[in-house]
Amino acid sequence: MLQRILTHSNKTDLVIDLAELISGFLLVGFLWVHMFFVASVLVGPQAFNQVPKFLEAYYLAQIGIPAVIVLILAHMVLAGRRIPNRLQEMKMIWKHSRLLMHYDTWTWVFQVITGVAIGILAAAHIWTVVSRWTINMSISAERVTQSPYFIFYIILLICGEYHVGIGLYRIGVKWGWFKRQKLSKVLDVITLAIIAMGIVSLFVIKSHAGVTGGGGQ
Amino acid sequence: MSVPNPYITDVLVIGAGLAGERTAIEAASCGCDVTILSIVPPRRSHSTGAQGGMQASLGNTAMGRGDNTDIHFTDTVKGSDWGCDQDVARLFANLAPVAVRQLSYWGCPWNRVVAGRKTLPDGREIEELVEYEGLIMARDFGGTAKWRTCYTADGTGHTVQYTMDTVVLKMGITVHDRVETLSLIHDGEKCYGAICRCLRTGKLMVYLAKVTVIATGGYGRLYGASTNAIINEGTGMFIALNTGIVPLGNMEAVQFHPTAIVPSWVLITEGARGDGGYLLDKDLHRFMPDYEPAKKELASRDVVSRRMMHHMRIGKGVDSKYGLHLWLDIRHLGRKHIYTNLREIAKVCQDFNGIDPAKELIPVRPTQHYSMGGVRTNIDGAAYGLNGLYAAGEASCWDMHGFNRLGGNSLAETTVMGMVVGRKAAEYVAGTTFIYKESMVRDHIKRQQERINNLIAGRNGKENIYKLKKIMEDALLEKVFIFRNGKDLQEAVNTLREVYQRSLKAGLMSDGQGANPELGAALRLPGMLRLALCIAYGALQRTESRGSHSREDYPKRDDANWLKRTLAYWPEEGDLPVLKYEPVKITELPPGERGYGETAAVKK
Amino acid sequence: MALRTLKLEIFRYNPNVSGDKPQMQEYILEEEPDMTLFMALTRLREEQDPSLIFDFSCRAAVCGSCAMLINGRPKLACKTMTKDLRKKITLMPLPVFKLIGDLSVDTGSWFRAMNKRLEAWVHTNKEFDPDAQEGRMDNDLALRIYESERCIECGCCVAGCGTAILREEFISSAGLNRLARFFIDPRDERSPDQYFEVIGNEYGTFGCVGLMACDDLCPMEIPLQQQLAFVRRKMLVAGLTGSGR
Ligand SMILES: Cc1cc2nc3c(=O)[nH]c(=O)nc-3n(C[C@H](O)[C@H](O)[C@H](O)COP(=O)(O)OP(=O)(O)OC[C@H]3O[C@@H](n4cnc5c(N)ncnc54)[C@H](O)[C@@H]3O)c2cc1C
Ligand code: HEM
Ligand code: HEM
Ligand code: SF4
Ligand code: F3S
Ligand code: FES
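Chains as they are written, first to last, in the numbering used here: chain H, 1 to 217; chain S, 218 to 821; chain R, 822 to 1066.
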């Protein structure tokens, strides 16, 4: 143990922790913006179709999408180092959580689980979207109408928002700018609101299936 | 029998409370190799439980202005009811300010003076001066002419012990915790160390040292109800007594505190009464003004305790499964006051009785609190009777407390005495060569090993130790308590003698393997009974009232016959201590009125 | 209050007795008024099973000896009243720490090693002058130091922390809180750089993932979240501006 501590670089640990903080913040920002983009469908299909155009016009899509992918990969490495990697460790933490029955410990366990889930689901999601680039109402509606996709999105939505909500809470708590109880309440409300918004958006997208005509324009 | 390898050191300090650690620090800074032994990790010693404070005449606060070592000395001697050695009290009063300041230098977060005007709870206006701002603050404690008790919020003992332990850590002093000393190794002239039991494995251990220091704290747990930690069983005192050569001083001098919560006996600090709490009886009548019209609940500790006991005796106590008690009422102080100024009391009420003191009454009762008596030493802390044996802290009878210790003088004593004893021990180490006879060491080990073997095998009998212990606790609590009289004391002595004999026939219910707690208790019991006999028998013989020793049949202090200290020796055979007496040293202040307590009350 | 018959399930294992195996043992005990777990366990030992090993010292919630898992949660047994618990009570020793026997664990050695590692004492080059007045300090600062210093080293926070359970090198919130106490103490002359050397890493401040069990479980109600965040921010600044490795 001593050897490990002595040969250890504290600066590196600091940089990693800072990078985790920054990547965390950026990803939260991305996901919430992303959800609002999708929710633009609530304003109307035109608004929805306007988003990708806007993104492409300013090259935000071309730079943004790869940047997000890199960010996610970085985050998987940074935050992922916390995932109990040996089976025994997983067992230990599971047993500990069950015994302790402590709220914040459970949320962390679910943060890890949802993180892993997102890793798989979001990869598939990004692949399906990007491989049929561009985005518009009809393509989206076509995808969302298929029931496996619909359920897929609901799961991804809940995992994503939960993960991000808890993630932001954890950042706030670790760096300590807010009182825990208050922060947690505010974030719970935001998370539930966004999930609700997401579900409504999905239904609205679905309702547009066939309405705006098929195929890309 | 396998003989354990001896562990060798210059100074062996038994006890890691404040007295033990301070002694160790001093000896180590004089260049000695020091080892500390303790039943519990140092930071779990009883010293951490002291909340109130530590006396030193710094005179920084408005209410302490003009204080000096002379006034502290006078308060201490008066407090002792002239039972102390005045040269010791003088040395103590002079060194206390140094001790407190050194603790500050080491990092103790003493509360500090904040300049400005304030109104005290009793309505007095005071002003703290800017020139003293940031210096160590002090609070009021019973029996002192000035505010002199330095404190850290509600955790003085805790912070002082933690500060002390950081120095022990920094100096790299060896500490062996979970080790219990069973006996001293000696040849009738010199002490060579101690035989111990490892509380992790149950194995015997041998420590050899040029100097052995007993700093094992008080014996509160001989009494069925005590504010002390449960590890305070007086072990250090009886291992000295068991030598047959080292006497214990003034064992009959036992301090009681008026308010411990029932039934866990956790201390409710004086703050509750200081801020205006009432004592009520079973009819919810406030009775203290009937007895003490002037001071009411604020009379000194021993007076309030005696009045409470008397009131319960005349049938006014509240009956409960845990015996009679009275009520402490602080409801009228208001929720806000209780949960800010008396927070620690509120916490005790919630944690140990689940009551809300802003709405409910607190069950309280007088309880054993402090042992003035202990291993008799000279002014250097050297024990009578054996060379190379010292004692410090509550375990000792250095004798600056006489028959009544002032609140805040005990933490101060541990630290000051530690400074003195550590230095004297180092001087002794420098002037001695260490030669011991292997056969002597082997004899001592054998004796302890045999005791253990006999207990495990049940060779001496099958007496249940917990039952015997209970009889002892009750006898002291009922007959050697706040009010004493010849008849009760004689009965207590008779009971204790009988139980002592039975304790020699104790056997175990369990198998005694490993760190078995029952075996530990069985090993301690006879020694504890010897201490109980020293207390009861000493009290029986002392036919006067002095300080906390209050005889109903001899209600007056008797300086003509009793201005002397009891020395209790335990003879090789028999079941009673041999009592001898020595004069107290009076160097400055001739015996007089204390100015408070019963004498003062009678005068008015 | 109605008194009940309590059923206590207690972890039993004495590593010093050869052939002993870890197991849960059941005891039946009549509840008493205002009974704490200290009283309950003492009665069990004195009346039913004198070999039962557990630790108490102050029995007043000030010494930190008696932490154990009470129905799964680390708590001080001496200030836990049976009337606040259900009829069936499970008692287990704290995890993370070395088991001594039954409910007793070696928190003392753990904390001693931790304090050594942190060099948790005042580092100063000044000499003590017995004749001089004490150094001055602002009372608010003294109270702030006391706020951290109140820790009784009971180990509840350590045993409740998932990170401490996974990584034995983790200094834990008790350690970080202890360090905060010296960091704000002007008598300690260590530079932020020196503190960063000790805890500005994965085993120290950056190892904490914010599980907050410590904050919820501390029997002294030390504001651990604020203390941890304070140390983290200070170490961030120290690490970015300092010359540390
Ligand atoms: C509730 C309460 C409040 C108090 N408040 C105050 C106050 O405000 N101000 C004040 O001045 N005084 C106060 N006192 C008194 C004061 O706390 C004690 O007198 C003082 O702390 C004793 O210190 P010590 O070092 O002598 O012994 P302790 O702190 O009791 O230490 C004894 C040490 O000896 C060890 N030990 C014991 N037996 C053995 C053995 N056989 N083998 C090995 N080790 C052993 C123990 O493990 C421990 O480390 C209070 C007392 C009580 C009960
Ligand atoms: C790719 C799969 C992902 C995995 C495996 C993963 C895993 C994790 C884990 C284990 C943590 C906890 C880290 C810790 O406690 O220190 C975490 C934190 C976090 N995650 Fe993820 N995550 C993933 C994707 C995402 C995504 C897509 C987002 C946002 C859009 C995100 C946002 C966050 C945030 C904000 C935190 C808190 C960071 C912190 O505490 O410093 N994660 N993630
Ligand atoms: C950077 C690449 C990404 C792009 C281009 C993108 C694009 C889209 C688009 C176009 C939709 C609308 C539905 C559809 O067309 O199928 C959508 C929905 C969705 N996306 Fe993404 N996405 C990206 C990354 C992510 C990530 C990383 C997450 C997860 C954490 C995510 C979670 C979701 C969810 C949950 C929905 C459903 C929306 C709703 O419920 O309202 N996306 N995304
Ligand atoms: S911080 Fe609290 S829980 Fe942790 S050891 Fe200290 S007192 Fe116990
Ligand atoms: S529980 Fe552990 S992970 Fe951090 S917030 Fe407390 S130390
Ligand atoms: S016994 Fe001291 S904290 Fe419980």
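Derived by calculation from the structure, the hints in this document are not laboratory data.
Hints are supplied without guarantee of correctness; some may be wrong.
To be verified - Short, incomplete list of chain H residues facing chain R, as computed with Cβ under 10 Å: (1) Ile16; (2) Leu31; (3) His34; (4) Pro84; (5) Gly176.
What the hints assert, rightly or not - Straight-line Cα separation of at most 25 Å, PhoX-like style, residue types lysine-lysine; simulated pairs: (6) S/Lys420 <-> R/Lys919; (7) S/Lys704 <-> S/Lys679; (8) R/Lys904 <-> S/Lys564; (9) S/Lys387 <-> R/Lys937; (10) R/Lys937 <-> H/Lys11; (11) R/Lys909 <-> S/Lys538; (12) S/Lys420 <-> R/Lys842; (13) R/Lys909 <-> S/Lys576.
Think of the CB as a built atom: it goes at the ideal place given N, C-alpha and C, for glycine as much as any other residue.
key: Enumerated hints in conflict with the structure, sorted upward   = 2, 3, 7, 13
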